[in-house]
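Asker: Quick note, the sequences are listed as chains A and B, same order. To convert, note that position 18 of the first sequence is 18 in the numbering used here; the numbers rise steadily by one, no gaps. Counting from 1 along the second sequence, just add 111 to a position and that's the residue number in the numbering used here.
To be clear, the hints were calculated from the coordinates, so they are not data collected in a lab. Note that beta-carbon positions come from the ideal geometry of N, C-alpha and C, so glycine has one too. Errors might be hidden in some of the hints.
To be verified - Heads up, simulated DSSO-like pairs for lysine-lysine below, C-alpha to C-alpha not over 27 Å straight-line:
(1) A:Lys56 / A:Lys2
(2) B:Lys129 / A:Lys106
(3) B:Lys124 / A:Lys93
(4) A:Lys106 / B:Lys114
To be verified - Beta-carbon label-pair distances, calculated as ranges:
(5) A:Asp78 / B:Met165: 19 to 29 Å
(6) B:Thr226 / A:Ala29: 36 to 46 Å
(7) A:Gly59 / B:Glu180: 38 to 48 Å
(8) B:Ser193 / A:Lys42: 40 to 50 Å
(9) A:Lys42 / B:Ile188: 41 to 51 Å
(10) A:Lys42 / B:Val123: 14 to 24 Å
(11) A:Ser26 / B:Ile188: 26 to 36 Å
(12) B:Lys181 / A:Lys106: 16 to 26 Å
(13) B:Phe131 / A:Tyr71: 35 to 45 Å
Residues per chain, in single letters:
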Amino acid sequence: QKEVEQDPGPLSVPEGAIVSLNCTYSNSAFQYFMWYRQYSRKGPELLMYTYSSGNKEDGRFTAQVDKSSKYISLFIRDSQPSDSATYLCAMNKGGYQKVTFGTGTKLQVIP
Amino acid sequence: DVKVTQSSRYLVKRTGEKVFLECVQDMDHENMFWYRQDPGLGLRLIYFSYDVKMKEKGDIPEGYSVSREKKERFSLILESASTNQTSMYLCASSPLGRSTTYEQYFGPGTRLTVT
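With the sequences and hints as input, model every part of the structure.
Answerer: See below:
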């Protein structure tokens with residue numbers, strides 16, 4: 001069983017829709033939770049990170065962490081065609097610990 | 112703006128060749144990483160380095176080695192390339208030392224094909 005599970009999609013939504021992307025994990029020692037966005041033929045870029053449980057909002061993006069359920073989510077409001085990309089969840093235990101990535105969910109926002 | 116550059120976008124090598132992938136970052140980051148990215152497997156850590164001349168094995172170091180002689184440069188070496196090393200290779204860097212390995216900045220990647 002992988003430490004981090006993520007549905008690969010693809011997920012196809014109309015422009016303006018609310019998008020929900022999710023990951024589950026098995027290691028309760030994870031403390032930092034991140035979302036990266038990767039456009040085609042580019043490297044991933046950090047979108048947001050959250051420490052421990054709770055919500056964090058940045059513009060149209062909201063990250064949620066539920067440590068009791070070992071479940072994290074990224075919500076995108078008013079989705080735009082420019083949001084079309086692969087979204088990778090990632091997490092680590094803090095300190096010098098390595099980051100463990102999900103396999104990514106491919107999102108397509110249709111105009 | 113943080114910039115991480117990789118020496119090649121596309122590379123084709125023959126089985127048995129020694130392959131060098133170079134990565135340079137311009138933001139004075141202490142931490143540097145090498146990953147490979149494969150469909151269905153995601154990003155897997157090969158090696159990382161927290162300081163010059165320092166290296167640590169990641170999850171899949173077999174068949175690879177690294178070199179970090181200068182702070183800004185981290186090289187990945189395939190000693191004898193094999194077809195199962197055909198992949199997208201991504202370099203990343205992160206600032207400070209202990210607490211911010213989560214904030215990684217990635218290069219554009221090198222798509223390596225070994226024939």
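Asker: Give a verdict on every hint.
Answerer: Hint check:
1. A:Lys56 / A:Lys2: With a Cα-Cα distance of about 26 Å, the restraint between Lys56 (chain A) and Lys2 (chain A) holds, given a limit of 27 Å.
2. B:Lys129 / A:Lys106: violated (34 Å)
3. B:Lys124 / A:Lys93: violated (37 Å)
4. A:Lys106 / B:Lys114: With Cα atoms ~25 Å apart, Lys106 (chain A) and Lys114 (chain B) stay inside 27 Å; holds.
5. A:Asp78 / B:Met165: 19 to 29 Å: violated (45 Å)
6. B:Thr226 / A:Ala29: 36 to 46 Å: For Ala29 (chain A) against Thr226 (chain B), whose Cβ atoms are near 42 Å apart, the range 36 to 46 Å holds.
7. A:Gly59 / B:Glu180: 38 to 48 Å: holds (41 Å)
8. B:Ser193 / A:Lys42: 40 to 50 Å: violated (27 Å)
9. A:Lys42 / B:Ile188: 41 to 51 Å: Check failed, 24 Å falls outside 41 to 51 Å.
10. A:Lys42 / B:Val123: 14 to 24 Å: 21 Å Cβ-Cβ, so the 14 to 24 Å window holds.
11. A:Ser26 / B:Ile188: 26 to 36 Å: holds (33 Å)
12. B:Lys181 / A:Lys106: 16 to 26 Å: Taking Cβ atoms as reference, Lys181 (chain B) and Lys106 (chain A) lie about 37 Å apart, which means the hint is violated.
13. B:Phe131 / A:Tyr71: 35 to 45 Å: Hint holds: Cβ distance 41 Å, inside 35 to 45 Å.
The structure shown violates the earlier hints numbered 2, 3, 5, 8, 9, 12.
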